[in-house]
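Using full-length UniProt numbering, count along the sequence shown one by one with no gaps and you end on 161.
Hints are computed from structural coordinates only; laboratory data are not their basis.
A portion of the hints provided could be inaccurate.
As the list claims (entries may be wrong) - Okay, derived cross-link-like pairs now, DMTMM-like style, lysine to aspartate or glutamate, Cα gap no bigger than 25 Å in a straight line: (1) K126 - E61; (2) K121 - E131; (3) K51 - E61; (4) K126 - E38; (5) K126 - D94; (6) K86 - E107; (7) K161 - E83; (8) K50 - E61; (9) K121 - E102; (10) K57 - D97; (11) K45 - D118; (12) K51 - E131; (13) K161 - D97; (14) K50 - E83; (15) K145 - E102; (16) K31 - E107; (17) K161 - E61; (18) K161 - D118; (19) K161 - D94.
Stated by the list, open to error - Simulated restraints, written as ranges between beta carbons of each label pair: (20) K86 - G128: 34 to 40 Å; (21) W134 - S68: 56 to 62 Å; (22) P20 - K57: 22 to 28 Å; (23) K25 - L114: 48 to 54 Å; (24) K86 - F65: 25 to 31 Å; (25) K161 - H89: 14 to 20 Å.
As the structure is a prediction and not an experimental result, all values here were calculated from the model.
The beta-carbon is built from N, C-alpha and C at its ideal position, and this holds for glycine as well.
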Amino acid sequence: MKEPTKNALNMPINKNVGIPKCHWKRLSHQKRLGQWKEDYASLSKASHTKKFFPTAKCRLERNSFFCSFKVNQFLTGHGNFEEYLKRFHRQTSDVCDCSAKEIQNVEHIIFRCLHVQDCRKILQQKLGVPENDWPVVLISLINTKPSFLYFTEFVHTCNYK
């Protein structure tokens, strides 16, 4: 009786248990995605980006748009804006030189900068937003594919410097 047990111990182990590779990939993806969602939610940084994408799920739902370099600057707030440049000692002032005399950041440019008021009017018209409902929440500028395209046009046509 001991002989079959000894033989079983010396037999090679079959590691192929029939679980498809795609299953492991899906599990791995879900785990990484869950970790990213937790990290994004708890992150104190990226506060500007969170105005466009409040949650990781919100960002994942917007998978059909292309971000150019300039659009990415608007979405992150990391770009050629006086506020950002002053933060890194590239400018002495963070105030926009339009007569509004406000800090020049993404929200100032989109909603109030006098240098781009013509572009802003076009954006408002295309979005169908009446003057008394302006400013809108930033997420509404990218909520749908058409609104994102209008926002992209605005970003690429406005000249705020």
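Here is how each hint holds up against the structure:
| no. | hint | verdict |
| --- | --- | --- |
| 1 | K126 - E61 | 22 Å, holds |
| 2 | K121 - E131 | 9 Å, holds |
| 3 | K51 - E61 | 15 Å, holds |
| 4 | K126 - E38 | 36 Å, violated |
| 5 | K126 - D94 | 30 Å, violated |
| 6 | K86 - E107 | 16 Å, holds |
| 7 | K161 - E83 | 13 Å, holds |
| 8 | K50 - E61 | 14 Å, holds |
| 9 | K121 - E102 | 20 Å, holds |
| 10 | K57 - D97 | 38 Å, violated |
| 11 | K45 - D118 | 33 Å, violated |
| 12 | K51 - E131 | 21 Å, holds |
| 13 | K161 - D97 | 8 Å, holds |
| 14 | K50 - E83 | 18 Å, holds |
| 15 | K145 - E102 | 31 Å, violated |
| 16 | K31 - E107 | 35 Å, violated |
| 17 | K161 - E61 | 33 Å, violated |
| 18 | K161 - D118 | 15 Å, holds |
| 19 | K161 - D94 | 12 Å, holds |
| 20 | K86 - G128: 34 to 40 Å | 35 Å, holds |
| 21 | W134 - S68: 56 to 62 Å | 24 Å, violated |
| 22 | P20 - K57: 22 to 28 Å | 27 Å, holds |
| 23 | K25 - L114: 48 to 54 Å | 52 Å, holds |
| 24 | K86 - F65: 25 to 31 Å | 30 Å, holds |
| 25 | K161 - H89: 14 to 20 Å | 18 Å, holds |
The structure does not agree with the numbered hints 4, 5, 10, 11, 15, 16, 17, 21 stated previously, though it agrees with the rest.
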